[in-house]
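Each chain, letter by letter, is given below.
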Amino acid sequence: MTAQRSTSRLALIIWGYIIWSLVPVVIAIIFSFNDGRSRTVWQGFSLRWWWQDPNLSVLQNAEMRNAIFNSLVLAVATLLIVTPLGIALAIGSQRMHGRSANFVQGLTSAPLITPEIVVGSALLITFTRLLTAVPLGFVAQLLGNVTFSLASVVVIVRARLVSIGASFEEAARDLGATRWQALRFVLFPMLWPSVMASLVVVFATVIDDFVITSFLSAGVSSETVPLRIYSSVRGGATPALNALATLLVIISFTALILGLFALSTWRKRNGERGGLRAASPM
Amino acid sequence: MGRRDFLRNLAITSGAITFGGSLLAACGGSTETESGGLSIGTPQNPIKLPVTTDAIADGLPNESGTLEILNWADYQNPDSIAIFEEKFGCKVVTSIYDTEEAAIAKLRNGTFKPDLILGMTDTGLAKLVAADLLQPLNKSYIPNFGNVISGLQNPYYDLESQYTVPYFIYGNGIGYRTDRIDKNAFAGNGYDTLWDPQFSGKLALLDSYRDTLAMAMFRAGNFDANTTDAAVITKAGDDLVALREATNPKVDILAYQELPAGNRDINFTWSGDLFTALQYLPEGVKPDVLGFWYPDKTIAKNDFMCVTKAAKAPVLAHQLINFLSDTDNALLNREYVGYQPALESITVDLLISSGTIPESLVDALVTPEKYDAGIAQVSLEPQADALWLEQWTRFTAG
Amino acid sequence: MLFGSNSGRVSPQDKLKKSPRLWAGFAFPGTIWLIALFALPFYAVACIAFGTIDPIFRDAVPQWNPLSWDFTQARQVLTSLATGPLRGVGLRTIVYVFCAMTLCFVVGFPIAYFLARHAGKRKMMLLVLIIVPFWVNYLMRMLAWVNLLSVDGLFTRFMRIFGINYNWLDGSPITVTLGLVYGYIPFLILPLFATLDRLDWRLIDAARDLGANSRQAFRLVTLPMSRAGLVAAGVLIALPMFGDYYTNDLLSRSPSTEMIGNQIDFFLNASSQPQNGALLVLTLSLFLLLLMSFYLRSTRQQSRQVTR
Numbered sequence: 000m001t002a003q004r005s006t007s008r009l010a011l012i013i014w015g016y017i018i019w020s021l022v023p024v025v026i027a028i029i030f031s032f033n034d035g036r037s038r039t040v041w042q043g044f045s046l047r048w049w050w051q052d053p054n055l056s057v058l059q060n061a062e063m064r065n066a067i068f069n070s071l072v073l074a075v076a077t078l079l080i081v082t083p084l085g086i087a088l089a090i091g092s093q094r095m096h097g098r099s100a101n102f103v104q105g106l107t108s109a110p111l112i113t114p115e116i117v118v119g120s121a122l123l124i125t126f127t128r129l130l131t132a133v134p135l136g137f138v139a140q141l142l143g144n145v146t147f148s149l150a151s152v153v154v155i156v157r158a159r160l161v162s163i164g165a166s167f168e169e170a171a172r173d174l175g176a177t178r179w180q181a182l183r184f185v186l187f188p189m190l191w192p193s194v195m196a197s198l199v200v201v202f203a204t205v206i207d208d209f210v211i212t213s214f215l216s217a218g219v220s221s222e223t224v225p226l227r228i229y230s231s232v233r234g235g236a237t238p239a240l241n242a243l244a245t246l247l248v249i250i251s252f253t254a255l256i257l258g259l260f261a262l263s264t265w266r267k268r269n270g271e272r273g274g275l276r277a278a279s280p281m
Numbered sequence: 000m001g002r003r004d005f006l007r008n009l010a011i012t013s014g015a016i017t018f019g020g021s022l023l024a025a026c027g028g029s030t031e032t033e034s035g036g037l038s039i040g041t042p043q044n045p046i047k048l049p050v051t052t053d054a055i056a057d058g059l060p061n062e063s064g065t066l067e068i069l070n071w072a073d074y075q076n077p078d079s080i081a082i083f084e085e086k087f088g089c090k091v092v093t094s095i096y097d098t099e100e101a102a103i104a105k106l107r108n109g110t111f112k113p114d115l116i117l118g119m120t121d122t123g124l125a126k127l128v129a130a131d132l133l134q135p136l137n138k139s140y141i142p143n144f145g146n147v148i149s150g151l152q153n154p155y156y157d158l159e160s161q162y163t164v165p166y167f168i169y170g171n172g173i174g175y176r177t178d179r180i181d182k183n184a185f186a187g188n189g190y191d192t193l194w195d196p197q198f199s200g201k202l203a204l205l206d207s208y209r210d211t212l213a214m215a216m217f218r219a220g221n222f223d224a225n226t227t228d229a230a231v232i233t234k235a236g237d238d239l240v241a242l243r244e245a246t247n248p249k250v251d252i253l254a255y256q257e258l259p260a261g262n263r264d265i266n267f268t269w270s271g272d273l274f275t276a277l278q279y280l281p282e283g284v285k286p287d288v289l290g291f292w293y294p295d296k297t298i299a300k301n302d303f304m305c306v307t308k309a310a311k312a313p314v315l316a317h318q319l320i321n322f323l324s325d326t327d328n329a330l331l332n333r334e335y336v337g338y339q340p341a342l343e344s345i346t347v348d349l350l351i352s353s354g355t356i357p358e359s360l361v362d363a364l365v366t367p368e369k370y371d372a373g374i375a376q377v378s379l380e381p382q383a384d385a386l387w388l389e390q391w392t393r394f395t396a397g
Numbered sequence: 000m001l002f003g004s005n006s007g008r009v010s011p012q013d014k015l016k017k018s019p020r021l022w023a024g025f026a027f028p029g030t031i032w033l034i035a036l037f038a039l040p041f042y043a044v045a046c047i048a049f050g051t052i053d054p055i056f057r058d059a060v061p062q063w064n065p066l067s068w069d070f071t072q073a074r075q076v077l078t079s080l081a082t083g084p085l086r087g088v089g090l091r092t093i094v095y096v097f098c099a100m101t102l103c104f105v106v107g108f109p110i111a112y113f114l115a116r117h118a119g120k121r122k123m124m125l126l127v128l129i130i131v132p133f134w135v136n137y138l139m140r141m142l143a144w145v146n147l148l149s150v151d152g153l154f155t156r157f158m159r160i161f162g163i164n165y166n167w168l169d170g171s172p173i174t175v176t177l178g179l180v181y182g183y184i185p186f187l188i189l190p191l192f193a194t195l196d197r198l199d200w201r202l203i204d205a206a207r208d209l210g211a212n213s214r215q216a217f218r219l220v221t222l223p224m225s226r227a228g229l230v231a232a233g234v235l236i237a238l239p240m241f242g243d244y245y246t247n248d249l250l251s252r253s254p255s256t257e258m259i260g261n262q263i264d265f266f267l268n269a270s271s272q273p274q275n276g277a278l279l280v281l282t283l284s285l286f287l288l289l290l291m292s293f294y295l296r297s298t299r300q301q302s303r304q305v306t307r
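If you read the protein sequences in the order shown, they are chains A, B and C. Just so you know, the first sequence maps onto residues 0 to 281 in numbering that gives the first Met the number 0. Just so you know, the second sequence maps onto residues 0 to 397 in numbering that gives the first Met the number 0. Just so you know, the third sequence maps onto residues 0 to 307 in numbering that gives the first Met the number 0.
These are calculated hints, taken from the structure and not from any lab test. Among the clues, some could well be false.
[To be verified] Some but not every residue of chain A turned toward chain B, in silico, with C-beta under 7 Å: (1) Thr-127; (2) Leu-135; (3) Ala-217; (4) Gly-218; (5) Val-219.
[Claimed, not checked] Label pairs and their in silico Cβ distance ranges: (6) B:Thr-41 to C:Trp-63: 37 to 43 Å; (7) A:Val-72 to C:Trp-63: 31 to 37 Å; (8) C:Leu-295 to B:Glu-244: 55 to 61 Å; (9) A:Pro-134 to B:Asp-327: 36 to 42 Å; (10) A:Trp-179 to C:Trp-63: 38 to 44 Å; (11) B:Ala-385 to C:Ser-292: 21 to 27 Å; (12) B:Gly-150 to A:Pro-134: 38 to 44 Å; (13) C:Pro-65 to A:Leu-174: 52 to 58 Å; (14) C:Thr-78 to A:Phe-68: 55 to 61 Å.
All C-beta atoms in this analysis are idealised placements derived from N, C-alpha and C, irrespective of residue type, glycine included.
I would like the entire structure built from these sequences, with the hints used as guidance.
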């Protein structure tokens, strides 16, 4: 009896939490369709802040469009660099041994436990005083985001490497494959789920990143959506800001769903541990 | 390109960046300390600023492409900018700054690379010149310069207006909600209202160490807004700490949004903010809920427009300065910004007769008399500046 | 994800280990990258922190040679943190983070526990609902609350029904702390859930069978078994909270709720005193390093205790 009562109390907490965590966001999204200028008082439904207003709506305002564009470019560029870099680092650091391996592993996990503000300000100081060849703005933001998200790619890929183990590659070697062939045709295909997972995680991290991107920004030319939201949250911003934030949420979720979809297709095609099968058609 | 090549290239590139950067840093490390001192003009000692480069030549064609402005938030009318863009076939983008010090620091370290800076004042000018960030103006592109208030055509901080063209004028005072605070509250020493605990949580000060510390000094009867007297500066810091403890203030530059929204009752701010605030009033709220106490003795000044030395579109930058100095364009710009353009033709009477200014805000207008009686606020020598900043940190660190 | 990777003890990889140079080659680009853009920046921060000050701009002049580092300003900032104006900021940061973390645990633990133990068929759906905020941008979630808490916001009006007329956005420490809780709690629930989900609940059932009441079973079995996960999850949210400045900035913007991150942001971005900013960055990093070493020690003890 008591167990049941405490369970239902827990259920109450969990539903309370879900309401608490989601309702504000839902309300903010609803207010992007407000007909009036207010973000707090409902004045009827309209698409004014999405595209009808020729200057202020999110899809027509040059600065907001610019911010969306910058966010997407930054996220994709980061992915292009961090994925190969992270995969290689994960494989290398997992298989090295001895003192250098400890060093590499320590260095790799350090960004995970460093607050963003520390990374951001350290890079700001570096790019303005030491590596002055790197201009603030897109390039600096790119380098910063790669540095910060590298660790998560490594962690994800390494977890996969651990679960794969070494036996598949050994089998391939025993059957006469060169080391490189074993990597290319056995290990890499099996890494796909983790690569997909890191793509999604990194994309979402970078799209949402505020601190590093803001510390390394150079004014409007490198303003991303979170920066835009931050600079106009307080005070008289219009519901177009809510629309902009909603767009960001939509982008994140699209990435997530695409990633999950790709993952499940991969799983379906290759079965549970289908690395070898995945390699065969190639 | 194979994966391996790509990785190798990446390694080489990242190595090269590190190496090249250190080399650069090693070579260029000492340049920053070489400046000889600040050139500070005061009303008593007007100054002709040093010039290190030539202005652009006459009659150059307008650049095509983008003009980048550095400006305060909401300090230019998007409609005016749109007209300018159409007229000159260019694109205008704007970066935002919140404080002069941050803007200067970021201009120096390359975070901001604008062509044109709007809204800077002479408290920052000496540093901008010392850092060699500005280029002298070629007035042949700015025929409208003659429209500028005649007393500001040869200002003490920049004799012959080599670098600057005035933009807006304003005075420092206290904006308040007339529906919550009576005008008579400011009889006596009006500044005392800011220390009144009954406004706790509904009160804000300017996020500008020069303005807000000077306000505390004026309250205490010290009317030198550029004092180097450590005792006076420390006293101002003490008073602000007392204010903080009494009223838990906000420190920002959002009076123009928060007062009309009703989020606060009283706000030490720039007079022009109250006119900006008019268009932020929620529907159905009358404009006369906004009031302004303009102290008898206070800072009154102008800000200005200037072109950066590194400008990629210097001609367009000159054109925009000229454009905004045209009376009609300035009036259109004012419709959004609210502040009073620093043009001779835009008189207080003209603004009142336009019918957009409620009776309760007539006091916030800067008349020529008020302007002349205003206390000047100029750049500080670094040692004094450090004292001011130290007290400011004491206040803002809470 | 931080917790799925208790790597190392895999089946022997003899053949793979025979080619150390190849693996080192794989790790090389990433290592160089991290040295150049993660380790080196700390050196740069130190060079600013222990450099000198430009007499004109009051800007920091880096001292690249560690042998001639100058510690006068460092002493001043440390004194200020110990006894001066920055002391309040430091203490406040610790108090806010501590309160926010406690609240996160109070709310988050029962949720993770329920999910892992009692959710049954609805587990998947609940998990998805709980993960959703994880994917909603942090600033978006703060924006949502700023809307609700402003003077004519829905929440403020709602509370007025109960006669509570509180000005939430006017420099209130309560708002800031709750903002931190709201912002970071998803990052706590997920790892907690991951830990609890892997627990062997039969042990708890066994404890109950042997006569322990539910509270005893929780205290003597559940808690010790999940301690490492609890601490890890705590660290995971505490670290970013210590460096947070935007939550505070959006929800309060008052000097009386200023945290250490705000001061770093102020010194580096809003004022021309990067040296102080660099010193605070170093101090914060050292402080967090201490916390981390505590965490690492406790997990090491834990892994010695628990044999799987």
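Hint by hint, here is what the structure shows:
With 7 Å as the threshold, the beta carbon of Thr-127 of chain A comes within range of chain B, its nearest partner Cβ sitting at about 4 Å, so the hint holds. Against a cut-off of 7 Å between C-beta atoms, the interface hint on Leu-135 of chain A holds, since the closest Cβ of chain B lies about 5 Å away. Using the Cβ-Cβ criterion of 7 Å, the hint placing Ala-217 of chain A at the interface with chain B is satisfied: the shortest such distance is roughly 5 Å. Interface restraint check for Gly-218 of chain A: the shortest CB-CB distance to chain B comes to about 3 Å, inside 7 Å, so the restraint holds.
The beta carbon of Val-219 of chain A is positioned within 7 Å of a beta carbon in chain B (closest approach about 4 Å), and the interface hint is therefore held. Distance hint check: the CB atoms of Thr-41 of chain B and Trp-63 of chain C are about 39 Å apart, consistent with the given range 37 to 43 Å. Range check, Val-72 of chain A to Trp-63 of chain C: about 34 Å between beta-carbon atoms, so the 31 to 37 Å window is met. At roughly 41 Å, the beta carbons of Leu-295 of chain C and Glu-244 of chain B sit outside the given window of 55 to 61 Å.
Evaluation of the 36 to 42 Å hint for Pro-134 of chain A and Asp-327 of chain B yields a pass: the beta carbon distance comes to about 39 Å. Checked against the given bound of 38 to 44 Å, the beta carbons of Trp-179 of chain A and Trp-63 of chain C, roughly 42 Å apart, stay inside it. For Ala-385 of chain B and Ser-292 of chain C, the hinted distance range of 21 to 27 Å is not satisfied, since their beta carbons lie about 37 Å from each other. Checked against the hint of 38 to 44 Å, the pair Gly-150 of chain B and Pro-134 of chain A passes, with Cβ atoms roughly 41 Å apart.
At roughly 55 Å, the beta carbons of Pro-65 of chain C and Leu-174 of chain A sit within the given window of 52 to 58 Å. Against the hinted window of 55 to 61 Å, the Cβ-Cβ separation of Thr-78 of chain C and Phe-68 of chain A comes to about 47 Å, which falls outside the hint.
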